[in-house]
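The whole structure should be built from the sequences, with the hints applied where relevant.
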Amino acid sequence: GQQVMQIPQYQHVQEGEDFTTYCNSSTTLSNIQWYKQRPGGHPVFLIQLVKSGEVKKQKRLTFQFGEAKKNSSLHITATQTTDVGTYFCAGQEGYGQNFVFGPGTRLSVLP
Amino acid sequence: GAGVSQTPSNKVTEKGKYVELRCDPISGHTALYWYRQSLGQGPEFLIYFQGTGAADDSGLPNDRFFAVRPEGSVSTLKIQRTERGDSAVYLCASSLTKSWGRAPNTGELFFGEGSRLTVL
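Listed in order, the protein sequences are those of chains A and B. For the first sequence, position 93 (counting from the first letter as 1) is numbered 408 according to my numbering, and the numbering increases by one without interruption. For the second sequence, position 64 (counting from the first letter as 1) is numbered 68 according to my numbering, and the numbering increases by one without interruption.
Per label pair, the in silico range of CB-to-CB distance:
(1) A:Val328 - B:Lys82: 38 to 46 Å
(2) B:Ala59 - A:Thr397: 31 to 39 Å
(3) A:Gln318 - B:Lys21: 27 to 35 Å
(4) B:Arg85 - A:Pro354: 28 to 36 Å
(5) B:Gly55 - A:Thr392: 40 to 48 Å
(6) B:Thr11 - A:Ser423: 30 to 38 Å
For the record, the hints were derived by calculation from the structure and aren't laboratory data. Values in this document were obtained by computation on a predicted structure and should not be read as measured data. Glycine included, every Cβ here is placed at the ideal spot set by N, Cα and C.
Right, here's the structure in full:
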């Protein structure tokens, strides 16, 4: 079945440093979503990518969908303490409606 | 309500007991998902409803787990003969399904706060 992996598992950065997490699917995706989960909270939607090679920006966050639609990345420029949390990618395969979540990357930001 | 509501927020039960977890999705959302999340892990898919029917129940771990959505709104996840390994946060999410050309694709998932199940 479809598997989604993320690296790194953990990332500790100093406030102001950049951060990147990578997501890889074992199968080609129709689209991919990114979520952020704060400690003790529930996943909150960040963005959805659909097109091959698509790049979207939200302020300091840049999301990219690979050309083969099997991988994606999230890059945060100049991290802030408010960026702390776990970032999950979730892939939807083909025309199916099930989203498979990756294990997440936990980001810690030291002030 | 404005968001997805899940009850109870916490449930402590003994091994072997029966448990029901309820999810009230955002009004008008046709898609409803159940996920299970253990500490330090990503949400694990259990079952997905489109309307009243289960469109995909391939994530249910065994026949002790069952979910219903009889009127296409509220859903109940039912766990029989609970085991200690069932302890986790059970997350419900709802979504609108958008039609993109011929292929329907799901929009963003709106998650509830989750129901934390502890089996002693």
